[in-house]
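Peer 1: Sequence:
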Amino acid sequence: MNRMEILFLIVSFIILVIIALIAIPALRKRGIDPDVILQRIADTSESLKATVAIVQPFLPENVALTKLDAVFELVEKGVWSAEQLCYIEKLPPEERKEYAYKYVTESLNMLDIPVTPEMEAVINGAIEAEVLSLGHKSK
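With our numbering, letter number 104 in the sequence shown gets 104, and the count goes up by one each step, no holes.
Take the hints with a grain of salt, since some may be wrong.
To be verified - Derived Cβ-Cβ restraints for the label pairs, each shown as a range:
{"#": "1", "residue 1": "C86", "residue 2": "I14", "range": "40 to 46 angstroms"}
{"#": "2", "residue 1": "L27", "residue 2": "T116", "range": "20 to 26 angstroms"}
{"#": "3", "residue 1": "R28", "residue 2": "L111", "range": "14 to 20 angstroms"}
{"#": "4", "residue 1": "P114", "residue 2": "Q84", "range": "24 to 30 angstroms"}
{"#": "5", "residue 1": "I10", "residue 2": "Q39", "range": "35 to 41 angstroms"}
{"#": "6", "residue 1": "S81", "residue 2": "A50", "range": "21 to 27 angstroms"}
{"#": "7", "residue 1": "R30", "residue 2": "E95", "range": "30 to 36 angstroms"}
{"#": "8", "residue 1": "P117", "residue 2": "E46", "range": "27 to 33 angstroms"}
Simulated from the structure, these hints should not be mistaken for lab results. A virtual CB, placed ideally from N, CA and C, is assigned to each residue, including glycine.
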């Protein structure tokens, strides 16, 4: 993947997150339960992960995709870790994103994967997506 393709993916991802943040309240106002829709998306996401896991051994090794896989795994672990620390009141809610970001960047540094500005954008977008997938309920 060249830089333009990566930039396109990042921008597309950010746009999707923004659309979701606008659409969910609008759906609730119209009486549509977005939790059901989000659950279907999560189920589809899990199915896609399973499909990729089956097909991946047959695909040639791609270093960029391997790094992105590592980032997405670390983001998932970082966000869930921050959420659990917040749940047991060891981390203030407003520091969860910073904690997850620090977890990911420090882990990448340990793996000798440089954190470039492009990688930072991917990390931030992935954190936002992972937080959205947690399905927080508004009070």
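Peer 1: To test your reading of the hints: which numbers does this structure violate?
Peer 2: 1, 2, 3 and 5
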